[in-house]
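Each chain, letter by letter, is given below.
Protein chains: 2
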Amino acid sequence: MTTGRDKEQRREGQAGAVVILSGGLDSATCLGIACAEGHHVTALSFDYGQRHHRELAAAARLAAHYGVAHHIYELPFFRQLGGSALTDDAISVPTEGVDKAHIPSTYVPGRNLIFLSIATALAEVTRSEWIYIGVNALDYSGYPDCRPEFMDAFANVATVATRAGVEGMHIEVKTPLLHLTKGEIVARGTALLVPYEMTTSCYVGEEEACGVCDSCRLRLAGFAEAGRVDPIRYQLRAKN
Amino acid sequence: MTTGRDKEQRREGQAGAVVILSGGLDSATCLGIACAEGHHVTALSFDYGQRHHRELAAAARLAAHYGVAHHIYELPFFRQLGGSALTDDAISVPTEGVDKAHIPSTYVPGRNLIFLSIATALAEVTRSEWIYIGVNALDYSGYPDCRPEFMDAFANVATVATRAGVEGMHIEVKTPLLHLTKGEIVARGTALLVPYEMTTSCYVGEEEACGVCDSCRLRLAGFAEAGRVDPIRYQLRAKN
Numbered sequence: 000m001t002t003g004r005d006k007e008q009r010r011e012g013q014a015g016a017v018v019i020l021s022g023g024l025d026s027a028t029c030l031g032i033a034c035a036e037g038h039h040v041t042a043l044s045f046d047y048g049q050r051h052h053r054e055l056a057a058a059a060r061l062a063a064h065y066g067v068a069h070h071i072y073e074l075p076f077f078r079q080l081g082g083s084a085l086t087d088d089a090i091s092v093p094t095e096g097v098d099k100a101h102i103p104s105t106y107v108p109g110r111n112l113i114f115l116s117i118a119t120a121l122a123e124v125t126r127s128e129w130i131y132i133g134v135n136a137l138d139y140s141g142y143p144d145c146r147p148e149f150m151d152a153f154a155n156v157a158t159v160a161t162r163a164g165v166e167g168m169h170i171e172v173k174t175p176l177l178h179l180t181k182g183e184i185v186a187r188g189t190a191l192l193v194p195y196e197m198t199t200s201c202y203v204g205e206e207e208a209c210g211v212c213d214s215c216r217l218r219l220a221g222f223a224e225a226g227r228v229d230p231i232r233y234q235l236r237a238k239n
Numbered sequence: 000m001t002t003g004r005d006k007e008q009r010r011e012g013q014a015g016a017v018v019i020l021s022g023g024l025d026s027a028t029c030l031g032i033a034c035a036e037g038h039h040v041t042a043l044s045f046d047y048g049q050r051h052h053r054e055l056a057a058a059a060r061l062a063a064h065y066g067v068a069h070h071i072y073e074l075p076f077f078r079q080l081g082g083s084a085l086t087d088d089a090i091s092v093p094t095e096g097v098d099k100a101h102i103p104s105t106y107v108p109g110r111n112l113i114f115l116s117i118a119t120a121l122a123e124v125t126r127s128e129w130i131y132i133g134v135n136a137l138d139y140s141g142y143p144d145c146r147p148e149f150m151d152a153f154a155n156v157a158t159v160a161t162r163a164g165v166e167g168m169h170i171e172v173k174t175p176l177l178h179l180t181k182g183e184i185v186a187r188g189t190a191l192l193v194p195y196e197m198t199t200s201c202y203v204g205e206e207e208a209c210g211v212c213d214s215c216r217l218r219l220a221g222f223a224e225a226g227r228v229d230p231i232r233y234q235l236r237a238k239n
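Read top to bottom, the protein sequences are chains A and B.
If you read the first sequence in numbering that gives the first Met the number 0, its first letter stands for residue 0, the second for the next number, and so on.
If you read the second sequence in numbering that gives the first Met the number 0, its first letter stands for residue 0, the second for the next number, and so on.
Excised from the complex, chain A in its bound form (with noise of 0.2 Å):
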């Protein structure tokens, strides 16, 4: 399914960028930032059979804020796959706040690696130079795929696997969010204008926010600790 207004023609000399948009609170910003760079954009989000489904019209929205072209890729087979408590519903999402000592089962086996590497397919096809991914260390540090370690693993890979490595090119993966907590995060977007009213983050997946999974938890404390009032509605604000 491809969605969202078509592209306008690439200006000369702007570069192509792939940005992986969840509809999430750091790919929202991540998209903020590549458009303020001066990118030409392509969005790109993923039906996985995620809980919180109701992101994909927060990142159809978002793309079309922007007026970036926008794709939703399906991928079905992590239901199959299994193993997380966002694409199995027997696992339920847990709503005691962060434990940073273990991997926490909303962790899905692959998921960034699986992410880049489609995203960098469709660079190659777009002629894009580069790859925005919202990753963070520092607040997700309990996901393998969110670690600096991986990230610095992957660097080289989008331009050897492609055609530009080949060709003498480059895809590279712009990572802008990795060592920023998520305040600093929440800082970013607000001065670049990020319409976090149109963005959802719960992991739940339900109309209002629930305010009290992991995620709703860490978006929570960073607009607290960048002095923000978060615009979307909660059942429930937790106190973190």
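It is worth saying that the hints were derived from the structure and are not from the lab.
These numbers were taken from a predicted model, which means no experiment stands behind them.
There's no promise every hint is true.
One copy or two, either will do: identical chains are not told apart, so a pair holds if it fits within one copy or between any two.
Capping the alpha-carbon separation at 25 Å, the derived lysine to aspartate or glutamate pairs in DMTMM-like fashion look like this [claimed, not checked]:
#: 1; residue 1: Lys173; residue 2: Glu206
#: 2; residue 1: Lys173; residue 2: Asp151
#: 3; residue 1: Lys173; residue 2: Glu148
#: 4; residue 1: Lys173; residue 2: Asp87
#: 5; residue 1: Lys173; residue 2: Glu207
#: 6; residue 1: Lys173; residue 2: Glu95
#: 7; residue 1: Lys173; residue 2: Asp46
For this one, chain A is given, so just place chain B on it according to the hints.
Frame of chain A, contents of chain B only:
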């Protein structure tokens, strides 16, 4: 979709391996090698809208022959992505012979990177230590993602992208065919009693192999080099 019989209990100390199985000659040989090496194998195939969709039936036959678990994951986005004669009906499959100076139109952007990434996720979930992929640098020198440079770049990624990297374990990619000629692959598989009559390689994807597409030409040359007769049926047999 999950097909094939269920895995028997893994024997103590037996390492798990995910084998990427297209149903063609190379991946069948890879499967034969992984089984001969004593691994507890999970075979993984992809339905990516390929023109030669019938290779999936060949993969299922091979998995059943070896008595290993077999998963077929659907990747419908490859047709949206386009850019290849194998996934876009508007681009015809070349039949004039292999031109090593250019990337062939049968190259599918990002394919091996995406396949390896998904195999990595399956290795994580099945606690497998090995991923086997039948890439071959000599015959397919025109495909960017069959180059040793790519395999080297990916080598460290599977481990650091996953739980394995956090828990001090490894997921490693094995490419036993990387530097073999097609003839050497046939000789190796023949010695291992790989049932080549179950495989299919033709890109056109009809009941009988066309005999003139790049894939048929390479396969026929491989059997000729090994001094063997290819057991599958052809409409024509190109002299290369």
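Self-check item: Structure versus earlier hints - violations, ascending order
Solution: 1, 4, 5, 6
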